[in-house]
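> Letter by letter, the chains look like this.
There are 2 protein chains.
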Amino acid sequence: MNATEQSLLHAFSKKSSTVEDQEMPIRPLNASSAEKPEIDVAIGGLFDILKAEKSVVEKEPEAFRQAVGNILERRLFYNPSFDIYGGITGLLDYGPSGRLVELNVLSLWRKFFVNEEDMLEVGCSALTPEIVFNASGHVKKFTDLMVKDEVNGAFHRADHLVKGYCESRKKDVTISAEKAAELDNVLAVVEDLSAEELGAKIKEYGITAPHTKNPLSHPPRPFNLMFQTFFGPTGSSLGYLRPETAQGIFVNFMNYYNDNGRKLPLAVAQVGRVFRNEISPRQGPIRAREFLLAEIEHFVDPENKSHPKFPDVELLEFLMFPREEQEKSGQSAKKLCLGEAVAKGTVNSETLGYFIGRVYLFLVHLGIDKERLRFRQHKAKEMAHYAADCWDAEIECSYGWIECVGIADRSAYDLCAHSEKSGVSLVAEAKLAEPKEIEKLVITPVKKELGVAFKADQKNVVEALEAMNEQEAMELKATLESKGEAEFEVCTLGKNVTIKKNMVSISKKRTEVRKRFFTPSVIEPSFGIGRIMYCLYEHCFSTRPSKAGDEQLNVFRFSPLVAPFKCTVLPLVQNQQLEEAAKVISKQLKSDGIKHKIEITVTLKQIETISASIGKRYARADELGVPFAITVDSPTSVTIRERDSRDQVRVSLKEVASVVTSMAEGKKTWQDVCARLNG
Amino acid sequence: MNATEQSLLHAFSKKSSTVEDQEMPIRPLNASSAEKPEIDVAIGGLFDILKAEKSVVEKEPEAFRQAVGNILERRLFYNPSFDIYGGITGLLDYGPSGRLVELNVLSLWRKFFVNEEDMLEVGCSALTPEIVFNASGHVKKFTDLMVKDEVNGAFHRADHLVKGYCESRKKDVTISAEKAAELDNVLAVVEDLSAEELGAKIKEYGITAPHTKNPLSHPPRPFNLMFQTFFGPTGSSLGYLRPETAQGIFVNFMNYYNDNGRKLPLAVAQVGRVFRNEISPRQGPIRAREFLLAEIEHFVDPENKSHPKFPDVELLEFLMFPREEQEKSGQSAKKLCLGEAVAKGTVNSETLGYFIGRVYLFLVHLGIDKERLRFRQHKAKEMAHYAADCWDAEIECSYGWIECVGIADRSAYDLCAHSEKSGVSLVAEAKLAEPKEIEKLVITPVKKELGVAFKADQKNVVEALEAMNEQEAMELKATLESKGEAEFEVCTLGKNVTIKKNMVSISKKRTEVRKRFFTPSVIEPSFGIGRIMYCLYEHCFSTRPSKAGDEQLNVFRFSPLVAPFKCTVLPLVQNQQLEEAAKVISKQLKSDGIKHKIEITVTLKQIETISASIGKRYARADELGVPFAITVDSPTSVTIRERDSRDQVRVSLKEVASVVTSMAEGKKTWQDVCARLNG
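Sequence lines, in order, name chains A and B. Quick note: to get my numbering, add 10 to the position in the first sequence (first position is 1). Quick note: to get my numbering, add 10 to the position in the second sequence (first position is 1).
It is possible that some hints are incorrect.
Note that identical chains are pooled: a pair holds if it fits in a single copy or bridges any two copies.
Said to hold, decoys possible - With a cut-off of at most 27 Å between alpha-carbon atoms, the simulated DSS-like pairs for lysine-lysine come out as follows:
#1 LYS593 <-> LYS441
#2 LYS431 <-> LYS213
#3 LYS678 <-> LYS600
#4 LYS354 <-> LYS380
#5 LYS487 <-> LYS180
#6 LYS597 <-> LYS664
#7 LYS626 <-> LYS677
#8 LYS664 <-> LYS121
#9 LYS510 <-> LYS457
I should point out that these hints are in silico values taken from the structure, not numbers from a laboratory. These numbers come from a predicted model, not from an experiment.
Using the sequences plus the hints, can you model the full thing?
Structure, rendered in structure tokens:
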């Protein structure tokens with residue numbers, strides 16, 4: 011990418027947001043799970059409007075994406091998995107640079123969330139038996155509707171086809187106003203249509219398979235997005251790979267609650283790979299079949315969703331897009347004050363609001379451009395039926411607005427579901443403000459009399475008596491009091507027995523209770539680490555002319571905390587003394603745990619043209635996002651050069667490692683260092 | 011577990027090693043993949059020999075294991091996954107304590123290997139297409155042989171049944187010397203028997219299904235231990251979950267090699283979950299279906315397996331068990347000097363030796379008892395057929411000697427296999443010491459003449475000519491020279507054509523080559539992180555009497571680096587001033603990134619009996635392995651108590667966090683701190 015491309019990109023980016031204000035399809039489309047062909051269609055729509063500048067902007071987002079993607083692959087941030095075998099769509103490997111960025115992002119995430127909020131971090135199995143996802147609803151509902159090309163057997167997502175059709179029809183200026191309104195209507199609800207409704211639309215519109223134009227199967231069939239497998243050799247024990255880490259936490263809730271001293275709130279965090287069998291994954295690093303989630307399950311008393319640290323974030327202002335705004339015409343995300351959004355009920359609780367604020371701070375701290383970050387509330391129909399509220403942190407990149415963090419109030423849904431399915435009570439307790447008197451049923455079988463009457467069956471009869479509910483017990487009591495005996499069914503014996511009045515005492519007793527028991531609600535911030543990383547790459551990428559002005563150089567402007575390598579150590583010339591000095595610095599950095607590169611072998615050709623060589627070596631480091639370069643140009647002192655300003659300071663050999671370490675760890679800034687050393 | 015049990019354990023442990031010297035089945039059995047019933051059988055054998063003390067020792071390892079296991083589950087190091095649904099054997103969840111230990115172990119591992127050796131750490135997909143494991147041989151060979159209980163359908167590993175039979179028969183004192191020798195013979199080779207041989211043994215010995223005594227299916231069938239799944243909706247794209255992380259590295263070799271400046275050695279590391287579908291996993295944390303591997307693939311020039319840092323480890327002495335020793339009668343692991351073992355060729359290369367030494371240092375640094383750690387060489391038959399040499403770091407625990415790290419020279423096997431299957435050359439290059447002259451075949455088709463003669467077929471003819479090997483080319487040349495033309499088969503056309511002399515020039519040219527190309531060998535240290543952690547738990551566990559002497563208290567003697575929590579902060583009494591001071595300390599520790607516990611709520615009952623309360627709180631922390639307790643007994647200064655010595659020092663409130671931080675990070679020892687503060 012050169013300067014022209016770069017400036018074009020900025021032009022495009024500006025235009026995108028203009029267009030968004032006009033409510034063009036590019037936003038909702040890219041924000042959702044649109045695949046490339048649909049995006050192309052939408053982008054086509056955008057360009058039609060911008061006809062005057064069409065020739066300039068046309069290929070921009072794709073060109074930008076490709077330019078960045080090429081560097082990311084070449085510098086081993088990631089590459090398609092199993093590339094030598096042609097790869098498998100939706101699978102990516104992180105190379106050394108990408109893995110270091112991932113570790114840095116996770117380390118910051120732990121600091122920002124797990125440590126700051128005293129969360130419990132756990133690690134649960136990815137392999138999961140079927141019963142767990144039956145209980146959670148994933149077996150039934152974690153599906154996409156698909157149709158099949160009747161000729162070549164290829165599968166397509168039904169909603170994507172209908173969406174693509176509507177968007178392309180809308181571009182036809184000859185359609186009536188009614189038709190346009192109808193298409194808008196379909197687009198607004200397409201993600202919520204049932205198989206039958208989608209099938210009907212496909213028939214009505216005569217939609218055929220993309221490219222081939224073959225007929226499509228009818229009606230659309232649900233395809234479960236979980237990968238299936240079997241435990242053990244019998245083939246009878248069905249399991250799934252988890253599509254989220256949360257269920258592992260829910261089924262262990264009582265363990266964690268007890269470990270937390272039976273107190274709420276209780277926050278449990280988990281970082282782990284999850285697996286989703288996308289029908290036809292595209293969008294490279296954005297829609298993967300295997301990816302890393304970092305999830306937090308913050309359990310609260312549903313009667314108290316306040317958060318003691320909410321005041322720390324309530325003054326924050328950032329782009330928010332409440333559902334009412336999305337439903338109005340011509341609206342986009344606007345800067346709102348978080349405190350006000352919670353006070354007005356736009357965000358449904360302080361705790362949800364607190365996490366929205368923390369997620370904002372985290373992403374901006376990582377290096378996400380806050381002008382290209384918004385919090386979009388799920389529309390009523392878009393939310394899971396059990397959710398009380400849900401906001402997505404969406405980051406804009408060349409693929410559009412991408413959901414990178416979901417912050418949902420899942421209510422008590424999951425714990426209730428697992429309680430019911432497993433028969434194990436997953437509840438918390440709270441002290442009542444004042445003790446309460448309640449009536450309690452007391453059933454006391456008289457074992458001696460029962461033993462005489464029923465001998466070996468006594469135990470079953472006792473258990474049956476004790477298992478009566480209040481109504482059964484009071485009816486039995488009434489019968490015994492009026493008739494002196496009663497027929498009583500003992501299921502475990504498969505017969506009725508006669509119970510006499512002296513065999514059981516039934517009464518109601520008033521007792522004082524001091525606790526209430528309840529199923530906690532859970533607020534869940536769920537971070538797609540790979541998506542955040544990809545957006546970060548795009549936001550940090552820039553180009554600038556070389557000093558000579560004859561070429562465009564690539565720079566990743568990573569913050570020192572995120573950068574895969576914190577510095578590079580370069581002896582100015584091939585010289586044993588300088589190389590030894592470089593090794594001393596490297597050793598010190600290593601013992602401080604600072605990731606860096608050292609280049610101690612300079613080719614003869616480079617020595618001939620030293621200045622060019624140093625410039626090239628800086629450029630190579632800039633392209634990798636290395637924030638500092640240490641040029642060893644004397645045996646006792648060195649030059650540190652900062653990547654973005656290209657400013658330099660001289661530091662003694664003795665001091666250089668600790669100076670760079672303090673900047674790499676975020677304890678000092680480049681400005682601090684310059685002020686001290688130049689001042 | 012009480013003191014008696016503890017002393018019994020030591021007695022048992024001593025006896026184990028005595029017995030081992032006598033070459034009892036306990037070693038090879040436990041070292042391999044024996045399951046619990048078989049171990050019980052073996053332990054039974056051990057106890058028969060030790061009849062005199064049988065009653066004392068009998069239940070010891072199981073009792074110890076259960077005691078430790080109970081605490082590990084109660085304090086949330088791990089617990090069975092999906093427990094509320096009855097669990098799935100072979101799956102474990104790490105609770106907050108276990109996850110912290112895991113993160114600490116990984117952090118030390120990275121420091122010790124990745125950073126120290128400048129390795130590239132990568133993260134590859136766990137989902138893997140079939141073709142990769144076809145190439146690697148896993149689809150064919152990553153299997154266990156199993157037989158089926160013909161009545162209830164349960165599966166059993168055939169080798170375990172034969173092994174169990176032989177071991178139990180051997181205990182019969184009435185068998186002849188020949189019979190005993192035969193049984194020993196079978197035991198020595200049981201893991202290498204084919205399906206037919208195992209089936210024959212089962213028939214010969216009349217072995218039936220364990221417990222049920224039902225007949226078994228015949229012959230044993232191989233069961234592949236990889237979990238299968240399908241990509242996408244068609245069900246045609248078979249994939250597997252990786253059973254090791256290594257293949258992801260091999261298929262990406264060229265990327266990493268290029269990133270490393272096309273230089274060897276090149277070491278690539280990967281930490282990731284792997285999945286093995288064990289037939290009937292037992293041994294809880296030792297034999298899991300999903301577990302974390304940390305693997306290193308160190309690629310070297312097969313002509314140069316020296317290691318520049320070998321002198322750093324060559325003087326180490328530790329328990330080694332070469333294959334020759336294992337094959338002799340009555341031998342056990344002996345302390346050998348690593349340098350000598352390499353010099354004598356017992357270990358086949360310096361690089362392999364270097365990693366053995368580093369693994370030893372790593373494990374001991376973690377806290378593994380070096381007297382219960384040995385390096386056992388694979389026997390010739392035990393090694394993968396391609397391996398040049400292989401040593402397992404085995405750690406002794408209540409399950410016996412457990413393979414925790416495998417250090418193998420996999421030779422060039424994997425890279426060759428993927429090269430061949432994918433058609434992509436996976437080779438490295440090296441400069442020749444001196445340039446070499448070689449004869450090179452040069453085939454130059456004369457396209458003009460060929461075009462005139464063959465028109466549309468020209469391209470196929472040209473390709474066929476260029477594809478000739480040396481012999482074919484020289485034969486064609488001879489024919490053309492003698493007869494002026496020749497019949498020539500063009501496979502892609504499915505016919506012969508007539509080639510005339512003017513249509514192709516064939517010659518040999520002398521060229522100078524300065525490089526040789528070769529497939530690197532790979533040395534692979536592969537760490538089973540979960541197994542190492544479990545052994546560490548057992549090695550760090552101990553009990554001691556309470557101060558009052560009235561009860562036995564549990565202590566995990568984790569080193570500060572490994573301990574899940576570095577300290578606990580305890581206000582001596584419930585008092586606002588002390589609690590505020592405790593919070594100040596906690597805040598400082600948090601900002602230093604030091605994991606700790608703080609207990610600011612003391613019950614009234616505890617206040618009544620303060621000394622007991624503090625003792626109980628120490629005991630609770632000791633049981634979790636917390637190395638330091640900070641008792642806040644004044645608003646300006648505190649007491650630090652060390653877990654193992656139970657010694658205490660007073661420190662100012664201001665200084666305490668930094669003192670604990672320096673010990674938690676391994677920068678200072680307790681002795682350093684005591685010397686300074688008491689001295």
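> All the hints need checking, so say for each whether the structure fits it.
Right, here's what the structure says about each hint:
1. LYS593 <-> LYS441: between (63 Å within a copy, 25 Å between copies)
2. LYS431 <-> LYS213: Neither, since 40 Å and 45 Å both go past 27 Å.
3. LYS678 <-> LYS600: The answer is both: 19 Å in one copy and 19 Å across copies each meet 27 Å.
4. LYS354 <-> LYS380: Within one copy, since 23 Å is at most 27 Å while 64 Å is not.
5. LYS487 <-> LYS180: Neither, since 72 Å and 67 Å both go past 27 Å.
6. LYS597 <-> LYS664: Classified as within: same-chain Cα gap 12 Å, cross-chain 33 Å, threshold 27 Å.
7. LYS626 <-> LYS677: So LYS626 and LYS677 fail the 27 Å test inside a copy (30 Å) and across (39 Å) alike.
8. LYS664 <-> LYS121: Intra 31 Å, inter 23 Å, cutoff 27 Å: inter-copy only.
9. LYS510 <-> LYS457: Within. Shortest intra-copy distance 12 Å satisfies the 27 Å Cα cut-off; inter-copy 112 Å does not.
Consistency note: the structure conflicts with the earlier hints numbered 2, 5, 7.
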